[in-house]
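Student: In order, the protein sequence lines correspond to chains V, Y and Z.
Numbering follows our numbering, with no gaps: position 229 of the first sequence is 229.
Numbering follows our numbering, with no gaps: position 276 of the second sequence is 276.
Numbering follows our numbering, with no gaps: position 123 of the third sequence is 123.
Please keep in mind that the hints were generated in silico from the structure rather than gathered at the bench.
It is possible that some hints are incorrect.
[Unchecked claim] EDC-like cross-link-like pairs, simulated, lysine to aspartate or glutamate; straight-line CA separation at most 20 Å:
id: 1; chain 1: Y; residue 1: Lys231; chain 2: Y; residue 2: Asp362
id: 2; chain 1: Y; residue 1: Lys231; chain 2: V; residue 2: Glu20
id: 3; chain 1: Z; residue 1: Lys12; chain 2: Y; residue 2: Asp21
id: 4; chain 1: Y; residue 1: Lys300; chain 2: Y; residue 2: Asp165
id: 5; chain 1: Y; residue 1: Lys12; chain 2: V; residue 2: Asp156
id: 6; chain 1: V; residue 1: Lys79; chain 2: Z; residue 2: Asp84
id: 7; chain 1: Y; residue 1: Lys241; chain 2: Y; residue 2: Asp156
id: 8; chain 1: V; residue 1: Lys16; chain 2: Z; residue 2: Glu20
id: 9; chain 1: Y; residue 1: Lys16; chain 2: V; residue 2: Glu20
id: 10; chain 1: Z; residue 1: Lys231; chain 2: Y; residue 2: Asp165
id: 11; chain 1: Z; residue 1: Lys79; chain 2: Y; residue 2: Asp21
id: 12; chain 1: Y; residue 1: Lys12; chain 2: V; residue 2: Asp325
id: 13; chain 1: Y; residue 1: Lys79; chain 2: V; residue 2: Asp156
id: 14; chain 1: Y; residue 1: Lys79; chain 2: V; residue 2: Glu112
id: 15; chain 1: Z; residue 1: Lys12; chain 2: Y; residue 2: Glu20
id: 16; chain 1: V; residue 1: Lys43; chain 2: Z; residue 2: Asp165
id: 17; chain 1: Z; residue 1: Lys16; chain 2: Y; residue 2: Asp21
id: 18; chain 1: V; residue 1: Lys336; chain 2: V; residue 2: Asp325
[What the hints assert, rightly or not] Here are the computed distance ranges between Cβ atoms for each label pair:
id: 19; chain 1: Y; residue 1: Gly236; chain 2: Z; residue 2: Asn273; range: 52 to 58 Å
id: 20; chain 1: Y; residue 1: Ile244; chain 2: V; residue 2: Ser216; range: 40 to 46 Å
id: 21; chain 1: Z; residue 1: Ile91; chain 2: V; residue 2: Ser265; range: 28 to 34 Å
id: 22; chain 1: V; residue 1: Val286; chain 2: Z; residue 2: Thr146; range: 48 to 54 Å
From the three backbone atoms N, C-alpha and C, an ideal C-beta is built for every residue, glycine too.
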Amino acid sequence: QNSNDLKLSVNKGSIKVATEDGHFSFGMGGRVYMDAAAYFDDKTDLGSGSEIRDIRLLMKADLWKKWNAKINIGFANGKVSLKDVWLMYKINKNSFVRAGHFLEPFGIEQTESSKTTKFMHASSTVEAFRPGRNLGFSYATWSEKTFWEAGLFGSDVNNSNKRTDEGYGITSRFVFTPYSKDHIFHVGISGTYRSVDKIEELNGYGYYASYQSESSIKYGSRAATHIEDRKFISAGVEEAKSQIKYGFEMIAAKGPLSIQGEYISAKVNRKSNFEDYSANGFYTQVGWLVKGGNYKYKMKSARLAKPGPGSVELLARYNQTDLNDSDALIMGGKQKDITVGGTWYVNHNVLVKFHFTNVDLDENSLNGEENFNMIQTRLQFSF
Amino acid sequence: QNSNDLKLSVNKGSIKVATEDGHFSFGMGGRVYMDAAAYFDDKTDLGSGSEIRDIRLLMKADLWKKWNAKINIGFANGKVSLKDVWLMYKINKNSFVRAGHFLEPFGIEQTESSKTTKFMHASSTVEAFRPGRNLGFSYATWSEKTFWEAGLFGSDVNNSNKRTDEGYGITSRFVFTPYSKDHIFHVGISGTYRSVDKIEELNGYGYYASYQSESSIKYGSRAATHIEDRKFISAGVEEAKSQIKYGFEMIAAKGPLSIQGEYISAKVNRKSNFEDYSANGFYTQVGWLVKGGNYKYKMKSARLAKPGPGSVELLARYNQTDLNDSDALIMGGKQKDITVGGTWYVNHNVLVKFHFTNVDLDENSLNGEENFNMIQTRLQFSF
Amino acid sequence: QNSNDLKLSVNKGSIKVATEDGHFSFGMGGRVYMDAAAYFDDKTDLGSGSEIRDIRLLMKADLWKKWNAKINIGFANGKVSLKDVWLMYKINKNSFVRAGHFLEPFGIEQTESSKTTKFMHASSTVEAFRPGRNLGFSYATWSEKTFWEAGLFGSDVNNSNKRTDEGYGITSRFVFTPYSKDHIFHVGISGTYRSVDKIEELNGYGYYASYQSESSIKYGSRAATHIEDRKFISAGVEEAKSQIKYGFEMIAAKGPLSIQGEYISAKVNRKSNFEDYSANGFYTQVGWLVKGGNYKYKMKSARLAKPGPGSVELLARYNQTDLNDSDALIMGGKQKDITVGGTWYVNHNVLVKFHFTNVDLDENSLNGEENFNMIQTRLQFSF
Numbered sequence: 001q002n003s004n005d006l007k008l009s010v011n012k013g014s015i016k017v018a019t020e021d022g023h024f025s026f027g028m029g030g031r032v033y034m035d036a037a038a039y040f041d042d043k044t045d046l047g048s049g050s051e052i053r054d055i056r057l058l059m060k061a062d063l064w065k066k067w068n069a070k071i072n073i074g075f076a077n078g079k080v081s082l083k084d085v086w087l088m089y090k091i092n093k094n095s096f097v098r099a100g101h102f103l104e105p106f107g108i109e110q111t112e113s114s115k116t117t118k119f120m121h122a123s124s125t126v127e128a129f130r131p132g133r134n135l136g137f138s139y140a141t142w143s144e145k146t147f148w149e150a151g152l153f154g155s156d157v158n159n160s161n162k163r164t165d166e167g168y169g170i171t172s173r174f175v176f177t178p179y180s181k182d183h184i185f186h187v188g189i190s191g192t193y194r195s196v197d198k199i200e201e202l203n204g205y206g207y208y209a210s211y212q213s214e215s216s217i218k219y220g221s222r223a224a225t226h227i228e229d230r231k232f233i234s235a236g237v238e239e240a241k242s243q244i245k246y247g248f249e250m251i252a253a254k255g256p257l258s259i260q261g262e263y264i265s266a267k268v269n270r271k272s273n274f275e276d277y278s279a280n281g282f283y284t285q286v287g288w289l290v291k292g293g294n295y296k297y298k299m300k301s302a303r304l305a306k307p308g309p310g311s312v313e314l315l316a317r318y319n320q321t322d323l324n325d326s327d328a329l330i331m332g333g334k335q336k337d338i339t340v341g342g343t344w345y346v347n348h349n350v351l352v353k354f355h356f357t358n359v360d361l362d363e364n365s366l367n368g369e370e371n372f373n374m375i376q377t378r379l380q381f382s383f
Numbered sequence: 001q002n003s004n005d006l007k008l009s010v011n012k013g014s015i016k017v018a019t020e021d022g023h024f025s026f027g028m029g030g031r032v033y034m035d036a037a038a039y040f041d042d043k044t045d046l047g048s049g050s051e052i053r054d055i056r057l058l059m060k061a062d063l064w065k066k067w068n069a070k071i072n073i074g075f076a077n078g079k080v081s082l083k084d085v086w087l088m089y090k091i092n093k094n095s096f097v098r099a100g101h102f103l104e105p106f107g108i109e110q111t112e113s114s115k116t117t118k119f120m121h122a123s124s125t126v127e128a129f130r131p132g133r134n135l136g137f138s139y140a141t142w143s144e145k146t147f148w149e150a151g152l153f154g155s156d157v158n159n160s161n162k163r164t165d166e167g168y169g170i171t172s173r174f175v176f177t178p179y180s181k182d183h184i185f186h187v188g189i190s191g192t193y194r195s196v197d198k199i200e201e202l203n204g205y206g207y208y209a210s211y212q213s214e215s216s217i218k219y220g221s222r223a224a225t226h227i228e229d230r231k232f233i234s235a236g237v238e239e240a241k242s243q244i245k246y247g248f249e250m251i252a253a254k255g256p257l258s259i260q261g262e263y264i265s266a267k268v269n270r271k272s273n274f275e276d277y278s279a280n281g282f283y284t285q286v287g288w289l290v291k292g293g294n295y296k297y298k299m300k301s302a303r304l305a306k307p308g309p310g311s312v313e314l315l316a317r318y319n320q321t322d323l324n325d326s327d328a329l330i331m332g333g334k335q336k337d338i339t340v341g342g343t344w345y346v347n348h349n350v351l352v353k354f355h356f357t358n359v360d361l362d363e364n365s366l367n368g369e370e371n372f373n374m375i376q377t378r379l380q381f382s383f
Numbered sequence: 001q002n003s004n005d006l007k008l009s010v011n012k013g014s015i016k017v018a019t020e021d022g023h024f025s026f027g028m029g030g031r032v033y034m035d036a037a038a039y040f041d042d043k044t045d046l047g048s049g050s051e052i053r054d055i056r057l058l059m060k061a062d063l064w065k066k067w068n069a070k071i072n073i074g075f076a077n078g079k080v081s082l083k084d085v086w087l088m089y090k091i092n093k094n095s096f097v098r099a100g101h102f103l104e105p106f107g108i109e110q111t112e113s114s115k116t117t118k119f120m121h122a123s124s125t126v127e128a129f130r131p132g133r134n135l136g137f138s139y140a141t142w143s144e145k146t147f148w149e150a151g152l153f154g155s156d157v158n159n160s161n162k163r164t165d166e167g168y169g170i171t172s173r174f175v176f177t178p179y180s181k182d183h184i185f186h187v188g189i190s191g192t193y194r195s196v197d198k199i200e201e202l203n204g205y206g207y208y209a210s211y212q213s214e215s216s217i218k219y220g221s222r223a224a225t226h227i228e229d230r231k232f233i234s235a236g237v238e239e240a241k242s243q244i245k246y247g248f249e250m251i252a253a254k255g256p257l258s259i260q261g262e263y264i265s266a267k268v269n270r271k272s273n274f275e276d277y278s279a280n281g282f283y284t285q286v287g288w289l290v291k292g293g294n295y296k297y298k299m300k301s302a303r304l305a306k307p308g309p310g311s312v313e314l315l316a317r318y319n320q321t322d323l324n325d326s327d328a329l330i331m332g333g334k335q336k337d338i339t340v341g342g343t344w345y346v347n348h349n350v351l352v353k354f355h356f357t358n359v360d361l362d363e364n365s366l367n368g369e370e371n372f373n374m375i376q377t378r379l380q381f382s383f
């Protein structure tokens with residue numbers, strides 16, 4: 001059952017150790033994003049500067065032909081943050097089940113590694129509404145033209161509330177891709193339901209008791225940046241029972257041109273006497289591969305593939321997120337932002353991003369109506 | 001002195017790199033335990049849910065034939081926790097000295113990796129009284145029928161008190177194993193003495209000064225589970241000077257049947273005018289390898305070996321811990337729990353555990369007398 | 001562009017995987033320092049004890065012939081601490097540019113890995129005034145007789161202040177080494193300018209607002225030890241605008257004898273109405289390789305090389321740091337300390353250090369004038 005003929009190889013700048021029969025392989029690596037930002041203030045005194053946005057260590061293994069294991073841990077800002085930590089069983093070439101801590105299957109940007117997202121910062125819409133990574137299990141299957149994944153999830157292991165019953169979520173994404181070769185066309189729909197966690201409270205004796213009590217759900221987003229990390233729009237919805245979100249996604253590409261968009265809508269069901277809360281947002285982004293050939297598609301993850309080494313890509317994005325709901329009397333603010341920029345894929349391991357962004361905030365935002373600009377750049381390496 | 005002929009191999013699902021002469025080897029890996037628990041409440045509102053119970057990254061090396069180094073770091077719950085971090089010098093085939101952060105040699109369960117302990121959660125007796133990992137050094141030697149380890153230890157590096165003199169501990173375990181082949185029979189005895197740390201206190205000027213002052217020793221345990229992490233029994237012994245603990249252990253196995261038990265007694269020596277505090281507990285557990293052959297024994301660590309891949313094991317445990325001492329007027333509570341369950345050793349890397357537990361607590365426990373049940377399951381992978 | 005003929009090797013006790021053409025290599029490893037200290041108190045009740053002073057995991061890669069990447073993360077005391085995290089581009093054999101989180105080029109001890117510094121604890125002068133690691137980029141070039149590095153740096157990523165504009169630093173080191181073979185002689189000069197970070201303050205509404213306000217710069221050092229971690233001398237300079245530091249360094253060696261020294265001077269520019277603050281310090285240390293041949297020099301980093309395996313080195317250091325400035329009315333204390341000790345380089349991976357230190361503090365120190373002694377020892381391993 002043990003094999004002694006292992007081969008070492010370099011694949012796209014990463015090291016891999018594998019048995020000749022392919023039943024075992026091991027890999028290790030890391031990634032680092034180094035960011036700098038200069039802000040041109042309106043009302044708010046924004047904090048220009050630099051940071052290591054993300055730094056991770058990774059170990060992974062293919063085991064006994066059918067099993068995959070991955071441990072990816074983040075260390076940015078002096079904190080341990082569990083990222084992809086999962087065990088996968090490959091049912092066949094086109095389907096798997098997976099258990100662990102991973103991204104819930106909802107839309108494009110939520111399910112994509114930050115290593116390959118086109119912009120430095122996720123759209124504010126996805127930042128506000130994404131389910132993120134949670135502990136759970138999922139089933140995924142794909143064919144030549146379809147992709148489907150569905151899962152059941154508990155809580156985020158990085159913020160677990162240990163003394164009360166956890167909430168849970170059910171999430172699914174379905175994608176139809178009639179064209180994925182010369183032309184690319186992809187549409188998809190996602191939906192998620194999540195119940196709230198119970199909340200712990202101090203009882204009269206000074207002990208924590210887990211009364212079932214009011215719970216709140218929060219949506220919010222930063223201003224298309226992370227060095228300045230305040231959330232300029234944010235809505236806290238009290239007396240929540242559960243939330244339902246759905247998303248529509250679209251990708252089209254022809255040659256070196258691509259367009260991608262997502263619309264997400266969220267609704268919080270609240271206790272009787274309280275009006276339900278609704279919010280939504282969308283983004284549209286276009287890409288032009290000035291250098292590096294044509295856009296390609298990856299059916300296994302149902303999105304555009306990362307451009308090859310040496311590519312130069314120009315990008316533009318319009319993004320709008322509205323957290324105001326006057327019926328529910330919760331005015332979380334509305335943000336519109338436009339980003340233009342580009343990415344140089346120096347080689348498989350190194351890339352550079354450069355962005356100019358204009359952010360427009362309404363009167364319900366953190367410091368009221370304002371409009372400011374910023375320049376951001378990233379040097380990213382991984383191996 | 002340098003060698004260039006390294007061989008890569010997969011051994012029991014782990015990667016290993018070694019020189020042909022065996023003088024050097026390097027390994028890396030990780031482990032993840034994913035747990036879920038459903039509690040059936042009595043008085044206390046228990047928090048059902050899921051968690052990543054443990055996640056670790058490991059690097060290890062054999063160096064210059066005689067030296068072993070190991071670095072094992074835990075990242076569960078967003079915290080860094082040093083586990084085995086030590087340097088070992090092999091005196092000969094049957095003895096070593098070791099310096100670093102490791103488990104004090106006391107009994108079976110305290111010295112066993114959670115990767116191989118039969119139950120998801122250590123017995124409440126071992127949880128309450130174990131010395132745990134501390135920074136120190138030890139000497140170990142074993143022969144065909146005996147095992148002996150003894151060490152001197154400072155403090156736990158994860159909770160070090162830097163401004164006052166540290167306490168220290170002396171700990172030793174001796175095991176006699178007359179039968180270790182077809183039949184297995186093992187008895188052992190352990191003992192440990194530990195002085196208290198001095199305590200730091202704010203002086204009148206707002207600075208920390210390290211007055212030698214009253215010190216407390218705490219014993220406590222969770223309810224045979226970790227997702228609900230309250231300690232239902234716990235005793236804080238004030239005005240402590242030192243503690244002495246001893247333990248008796250026994251293992252017997254014949255074919256696919258095994259029995260294992262430990263008894264631990266703890267005594268806290270207190271300042272004159274204060275009555276000494278005594279507490280104790282024990283567990284007995286039986287195992288049946290429904291599938292997977294016979295139980296085997298490992299002299300180097302003096303305990304049962306991990307069952308092989310494909311094994312299915314049924315288990316039962318009775319555990320009782322008594323933290324009440326009416327003479328010392330410290331009533332920490334008494335816990336009795338019964339667990340039945342099983343483990344499926346899917347392959348060298350993956351295993352699944354499933355437990356049903358009944359917990360019975362006396363009137364001195366956290367929320368008074370109560371009796372509740374729980375179902376727990378674990379998916380564990382390591383490589 | 002991918003290569004499949006990787007070679008594994010052990011180099012100085014570390015594992016390395018490289019392609020035959022040398023264009024790619026990968027390495028991983030770790031390091032651990034285990035320290036113990038016994039203090040002989042004067043006024044202050046010092047906390048004798050033990051600790052894991054440093055523990056790190058490392059991954060590194062050479063990529064596409066010209067690129068080097070390094071990720072080194074520390075986990076001592078249960079905290080994540082980013083160490084060397086950088087991407088380097090090799091312009092040619094004698095120069096590189098580097099971006100990331102690394103030691104600013106200032107003097108000898110500040111730029112040297114703690115793996116190779118001769119003493120367990122940096123001199124109090126370097127501890128008080130060193131710029132440390134910061135996020136930035138630098139250019140370095142060296143020839144047969146000169147070494148020069150200069151860089152621009154933002155803030156320390158482990159303590160980033162995200163809501164206000166960061167300060168920045170410009171730092172450079174120049175070294176001239178007329179003799180580096182049989183005799184070694186080296187002189188150098190370093191300088192650094194750093195502006196202060198703006199400070200965030202709570203405004204009247206309970207929100208953080210980033211008023212530009214008074215900023216403080218702190219200098220301080222422990223008593224040539226880390227287990228007792230109080231800073232016995234420390235100066236906080238309020239109303240600071242910027243700081244300028246310069247340093248002089250010298251190394252000379254002949255055969256098994258070496259001498260090394262540094263002088264550092266710091267000046268804080270303050271707002272009008274406030275007197276500028278000045279402080280300085282120096283150390284001189286001598287080494288004698290009782291066993292292990294002659295001292296060697298490393299032009300690439302411009303300092304003495306680590307003695308080879310089996311070496312035994314005797315050491316002595318006199319160190320003085322003066323944080324008193326009566327003109328500025330800031331009396332931070334003055335420390336003089338003498339250390340004698342030795343290092344046994346057991347092999348490439350293991351070393352042992354042993355030190356005796358006398359510390360003399362003036363009346364402006366933490367607890368006033370005092371004079372105490374200590375014995376310290378370290379067991380260090382890395383691979």
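Student: Okay, which hints does this one fail, numbers in order?
Tutor: Those not satisfied are hints 2, 4, 5, 11, 12, 14, 20 and 21.
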